[in-house]
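Number of protein chains: 2
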Amino acid sequence: MAPKAKADALQQKSPAEFFAENKNIAGFDNPGKCLYTTVRELVENALDAAESISELPHIEITIEEVSKARLNRIRGVEHHDRLDEQLYQDFESEEAKKKRLAKEAKDKEKLQKLIDKHGEGAAPVEAERKKMAAAAKAAGGAMRGNLFYRVTVKDNGAGMPHRDIPNMLGRVLSGTKYGVKQTRGKFGLGAKMALIWSKMTTGLPFEIVSARPGAANKSHYVLDIDIHRNEPNVHKEETLPNPGGWHGSELGLTIEGNWSHYRSYIVRYLRQIAVITPYAAFTFAYKAEEEKNSLRINFRRRTDVMPPPPRATKHHPSSVDLELVKRLLKATEAKSLTVFLRKEFDCVSAALAERLVDEMQMGVEGDMSPRNLTDKQVVRLHQLLHEVRFDDPRGDHLSPAGEYNLRLGVMKEVHPDLIATHQGDVKVFEGHAFIVEAAVSVGGRDVKSGINSYRFANRIPLLFEQGSDVITKTAQKRINWAAYKINQAADKVGVFVSIVSTKIPFKGAGKEYIGDDVEEMVAAVKAAIQACCVQLKTKIVRAIAAREQKLRKKNLTKCIPDAANAIFSVLERMAKREAGEGEEDPDDGGPGGAEDGAGGAKRRRLAPPPVRDDKGLLPAVARRELTAATLAARLTEYVERIDTDMALEYQVQQGLAAGIAKEPLYLMPLSSRHSHGPELHANTCVVRLLSGYT
Amino acid sequence: MAPKAKADALQQKSPAEFFAENKNIAGFDNPGKCLYTTVRELVENALDAAESISELPHIEITIEEVSKARLNRIRGVEHHDRLDEQLYQDFESEEAKKKRLAKEAKDKEKLQKLIDKHGEGAAPVEAERKKMAAAAKAAGGAMRGNLFYRVTVKDNGAGMPHRDIPNMLGRVLSGTKYGVKQTRGKFGLGAKMALIWSKMTTGLPFEIVSARPGAANKSHYVLDIDIHRNEPNVHKEETLPNPGGWHGSELGLTIEGNWSHYRSYIVRYLRQIAVITPYAAFTFAYKAEEEKNSLRINFRRRTDVMPPPPRATKHHPSSVDLELVKRLLKATEAKSLTVFLRKEFDCVSAALAERLVDEMQMGVEGDMSPRNLTDKQVVRLHQLLHEVRFDDPRGDHLSPAGEYNLRLGVMKEVHPDLIATHQGDVKVFEGHAFIVEAAVSVGGRDVKSGINSYRFANRIPLLFEQGSDVITKTAQKRINWAAYKINQAADKVGVFVSIVSTKIPFKGAGKEYIGDDVEEMVAAVKAAIQACCVQLKTKIVRAIAAREQKLRKKNLTKCIPDAANAIFSVLERMAKREAGEGEEDPDDGGPGGAEDGAGGAKRRRLAPPPVRDDKGLLPAVARRELTAATLAARLTEYVERIDTDMALEYQVQQGLAAGIAKEPLYLMPLSSRHSHGPELHANTCVVRLLSGYT
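Each protein sequence line maps, in turn, to chains A and B. By full-length UniProt numbering, the letter at position 388 of the first sequence is numbered 388, and the numbering carries on one by one without gaps. By full-length UniProt numbering, the letter at position 174 of the second sequence is numbered 174, and the numbering carries on one by one without gaps.
The set of hints was computed from the structure by calculation and includes no laboratory data. Take these hints with a grain of salt, some might be off.
Same chains, same names: a pair is fine if it fits in one copy or spans any two.
[As the list claims (entries may be wrong)] EDC-like cross-link-like pairs, simulated, lysine to aspartate or glutamate; straight-line CA separation at most 16 Å:
{"#": "1", "residue 1": "K330", "residue 2": "D226"}
{"#": "2", "residue 1": "K177", "residue 2": "E64"}
{"#": "3", "residue 1": "K448", "residue 2": "D613"}
{"#": "4", "residue 1": "K97", "residue 2": "E237"}
{"#": "5", "residue 1": "K550", "residue 2": "E640"}
{"#": "6", "residue 1": "K335", "residue 2": "E55"}
{"#": "7", "residue 1": "K68", "residue 2": "E289"}
{"#": "8", "residue 1": "K503", "residue 2": "D392"}
{"#": "9", "residue 1": "K181", "residue 2": "E21"}
{"#": "10", "residue 1": "K177", "residue 2": "E21"}
{"#": "11", "residue 1": "K503", "residue 2": "D224"}
Note that this is a predicted model, so its numbers are computed, not measured.
Can you make the complete structure from the sequences, with help from the hints?
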């Protein structure tokens with residue numbers, strides 16, 4: 001890195017140096033993103049720590065704005081007045097100032113012209129205003145390196161062993177989560193990258209307070225990292241009394257960042273992690289230098305049911321490479337090859353181990369020590385492991401969020417009109433078990449029209465690079481939404497997919513998205529979303545039917561007054577005629593004479609037959625007992641009844657559709673002296689009639 | 001990694017282990033991609049090696065299929081017959097076989113039914129066939145670990161120093177390209193990742209032959225890597241005579257891969273690297289076990305002009321972080337702070353260094369040793385470097401492809417109808433200079449309708465993850481193509497963008513795409529594409545005009561026979577009347593009598609006036625000198641002439657538009673005894689008339 005080194009001199013980098021120089025690989029792209037990634041890495045570590053001891057997590061996150069002046073005070077660098085004003089970036093020469101003022105005046109004039117032409121508030125005026133604002137911002141805000149924050153995350157987790165703390169936090173690629181186990185972190189990078197970033201920007205160290213459960217003391221460390229050597233550099237180490245029996249960790253560091261650019265991401269991240277971890281409580285506080293810019297959000301715990309924590313498992317034989325086989329053989333404590341196979345691999349029984357050893361041939365015996373295998377025998381073993389069919393891992397070591405939690409989260413997040421959830425079966429890729437859970441929602445608050453995907457991997461939300469992610473791509477391109485009566489463009493569709501696995505095929509160490517090239521995962525994601533859609537389709541079809549029914553009722557109801565009046569006027573006239581039999585209807589006869597002469601007999605009406613009035617309507621009309629109002633009331637009643645009938649029928653159908661068969665459930669009399677007669681079947685119960693008692 | 005380690009035991013990974021476990025970060029996602037990435041990493045190293053000694057690169061790439069049987073022979077593992085057939089993945093129990101056959105029969109029946117219904121070749125039939133083929137493939141081809149390849153890449157580059165070879169190839173994060181310099185490789189990962197992959201899959205080592213220019217001996221190594229220790233593991237080391245004075249490197253290794261899945265990517269990569277490196281020759285051979293599947297492609301050198309190689313530069317003050325400042329201070333050989341500032345940083349003159357030291361205050365003096373700065377003074381220096389305005393780096397250390405090379409490449413790649421190229425100015429992000437070059441083409445061979453982007457970074461093609469790339473995103477979303485008369489959906493548009501920089505903000509170590517979040521880069525890419533579009537617009541407008549002109553000519557020509565006939569028939573009749581003066585026109589008078597009675601005098605025709613026939617057309621017609629054919633010939637001539645005139649005018653306009661002013665260029669007579677009269681100006685030349693000779 002030293003620029004004077006000969007161009008082709010060979011240099012060796014420590015992993016810390018490598019990641020310091022290529023921060024973006026770990027999600028530390030720019031100051032704003034660094035702030036975001038720091039928060040999420042610390043939060044995920046905190047959740048893992050609490051879950052590892054089956055404690056309901058309570059995480060406190062604080063981001064405190066640190067002005068440059070304050071930072072300098074902390075670092076012991078006093079403020080210095082500028083001596084040579086012209087050196088600085090924000091220095092403006094007389095000429096530049098003149099130019100700027102001229103430009104501003106011109107812009108203003110242009111704006112005024114636009115206002116005169118289009119009127120205040122018109123689109124072109126607003127566009128011009130926006131442009132001017134952007135230019136002003138670009139001119140003023142381009143200077144980097146002025147925004148600093150102290151990030152603190154406190155949990156109630158397992159804490160860290162006192163002597164391990166320096167290595168856990170001050171050494172890149174060191175960690176406790178490297179086993180075959182579903183964990184949020186995996187790379188051993190997150191917290192260390194935050195520390196490297198703080199060292200690169202503020203130079204201030206990490207501050208750690210930590211206590212293990214039941215410990216009488218808590219550890220207090222102040223440390224940073226020697227990037228060149230990839231070694232922790234301890235400034236202060238002490239143990240403090242822990243009278244309250246507190247356990248957990250509190251980590252604090254000061255970094256450059258950009259709250260205003262990444263505020264929405266940080267808040268979205270916290271909202272989504274609260275969605276997928278409803279058994280955790282989060283309190284978040286942003287403390288600005290000016291109180292009015294501060295922000296405080298609490299995400300309350302919404303359930304006390306914590307999914308069983310994931311367990312470490314063994315390597316599946318089909319997932320191991322040649323190198324790993326060698327390492328396992330070297331590290332094993334097993335005395336014989338058969339025991340080695342059984343103990344170190346998943347899905348290998350004692351009997352299968354025997355068969356494998358027999359199949360190896362090449363002079364391999366089951367009771368030979370694993371360390372004594374020759375290189376060629378190892379190659380043969382590796383090859384055999386890939387040729388033999390093993391059972392798939394069972395996946396009981398995984399800890400999916402659970403349909404209940406997922407549904408709870410979605411309900412809270414988007415308040416949808418409709419929701420369906422599905423948990424897929426355990427699937428396998430390259431010997432790693434994985435489970436896909438999905439929820440699909442339609443409608444709701446704050447949801448845009450179209451497909452909105454929410455992605456979770458090992459129960460962390462993924463917010464970036466969604467265009468390339470397997471979940472987004474599947475939701476957008478591989479689901480025929482129309483087949484499920486969902487309008488991909490117009491409906492507000494939420495697609496929530498959570499994948500858990502001992503190995504998530506992330507692209508990049510930043511854990512930002514899952515590649516689209518693992519076929520097994522593509523298929524599983526698609527199947528899970530489709531399963532939700534099938535459930536939704538039934539509901540949507542029913543909802544459409546209900547909406548139509550409602551509409552029909554509304555239309556019928558609207559017609560009632562007119563219909564009632566019309567019927568009544570007919571009845572009234574009939575009643576009148578019934579009353580005065582011989583009286584001629586004024587509409588009939590009379591003025592029709594001229595036509596009679598021309599048109600002939602065919603247009604002459606027959607005398608009306610006597611009305612059959614079994615129900616005695618006409619006398620009722622005559623007596624004013626039956627009026628238009630009473631007719632309207634009866635019609636309304638009738639429309640309502642149809643509605644109720646259909647609703648009942650609908651409920652019954654829904655019950656049947658949902659597979660709720662009627663169960664025989666009797667309150668049995670205590671004695672057998674009763675005799676029963678016929679059964680009366682109603683929709684919701686069956687009544688047996690008592691026919692005798694002896 | 002050992003599964004029996006306590007779940008929360010702290011483990012330390014070597015960088016080699018880290019990348020072995022997270023291969024996908026470096027572009028080693030799956031066997032097919034690994035084959036692709038291995039080829040490209042070796043090819044890029046080879047190009048860098050040749051360019052570093054300004055040698056026109058000649059690269060030979062061979063991929064040789066190695067069957068499993070042959071691999072086993074090489075590894076000394078003989079073939080073994082299966083003893084326990086039921087163990088294997090491809091074993092099919094009687095029951096499974098019965099099931100499969102039943103399913104196949106059923107599928108066949110279904111297919112037959114579809115054929116009966118829709119007819120052979122109909123869409124549903126083909127879809128069903130495809131489904132069946134996919135199912136058969138999935139059932140048979142799912143087994144991994146059977147496809148192996150030997151990859152060899154040979155170059156004529158700088159070679160490697162004998163004693164450095166093990167560390168250069170057998171240690172992750174060690175390299176020669178870590179300076180501030182534009183290079184293809186950067187991470188010190190590529191070749192080592194290929195070695196790790198070979199170790200994980202075949203266990204076979206790297207074989208290297210290398211010689212420096214002018215060396216009497218060449219080095220021969222066989223080595224692999226101890227992944228756990230991140231150390232080279234040398235199997236064989238020797239020096240061989242080098243009588244021919246050859247220099248360069250030849251690397252060979254055997255890996256698992258998948259040629260058929262990634263063949264198209266490998267070929268596309270080679271095509272594109274040939275496009276952007278037209279001064280290099282590439283020969284590629286794929287040797288399959290069966291000769292008929294082999295493939296051979298040569299990419300010839302198309303120019304001998306090699307752009308000047310990039311040079312290493314110094315850190316720009318605005319790009320350094322606190323950590324780097326500390327490291328530079330520690331490593332410098334400068335005796336005083338002012339010398340340190342001038343020597344270690346770009347764009348810092350001696351005078352500026354003095355001013356900077358003065359501005360630091362805090363008791364800092366220009367002649368104090370850089371090593372004696374206190375921590376606080378270092379913090380102050382770092383802060384100052386970010387507050388002060390420095391000149392932007394000049395970018396003359398970069399080596400862009402050049403517009404000429406880019407155009408050459410595009411012409412060869414797509415044979416476009418129209419092309420425009422543009423090289424942007426040197427721009428800067430985070431203190432790193434970068435240059436964006438672009439070419440936009442319209443039309444051509446093998447180009448799909450719509451925007452096709454071709455991306456290059458430090459002169460390597462990027463093929464993957466294009467959806468998230470700054471170039472694709474800019475081309476797709478930030479260019480208003482319609483404004484340049486380009487139809488974004490229907491036209492065949494090729495967008496070629498090449499970015500060179502001392503730091504390319506790649507996302508991930510796989511060098512697959514450039515993130516979309518560096519504003520300076522977004523702006524520069526947009527500007528470069530737009531500059532091409534502006535050029536194209538003129539051409540397109542002209543092409544449209546030319547097309548319209550051609551169309552008009554075609555239409556006019558089409559009308560000529562009819563027009564000639566019509567005119568001639570008129571002339572003929574006129575000539576006849578002229579000949580027999582008193583003869584009455586048969587159309588006139590006679591049958592009009594009845595109407596005369598009704599309509600009156602206004603409809604009566606006047607006697608035709610005598611024809612003015614100045615050109616003597618009518619006699620010519622009468623003499624049969626002017627016929628329809630001669631008329632047609634004259635009209636054709638006229639249409640042609642208009643066309644020629646317009647073409648001339650068009651060319652002149654084009655010349656003027658392109659800024660080609662007419663230069664006075666005379667063949668001067670040797671003596672001055674000539675006198676010249678007036679000048680005759682034509683479109684393309686000026687003629688001076690000779691008026692006298694003394």
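#### Entry: Numbered hints the structure breaks, given as an ascending list
Violated: hints 2, 3, 4, 6 and 11.
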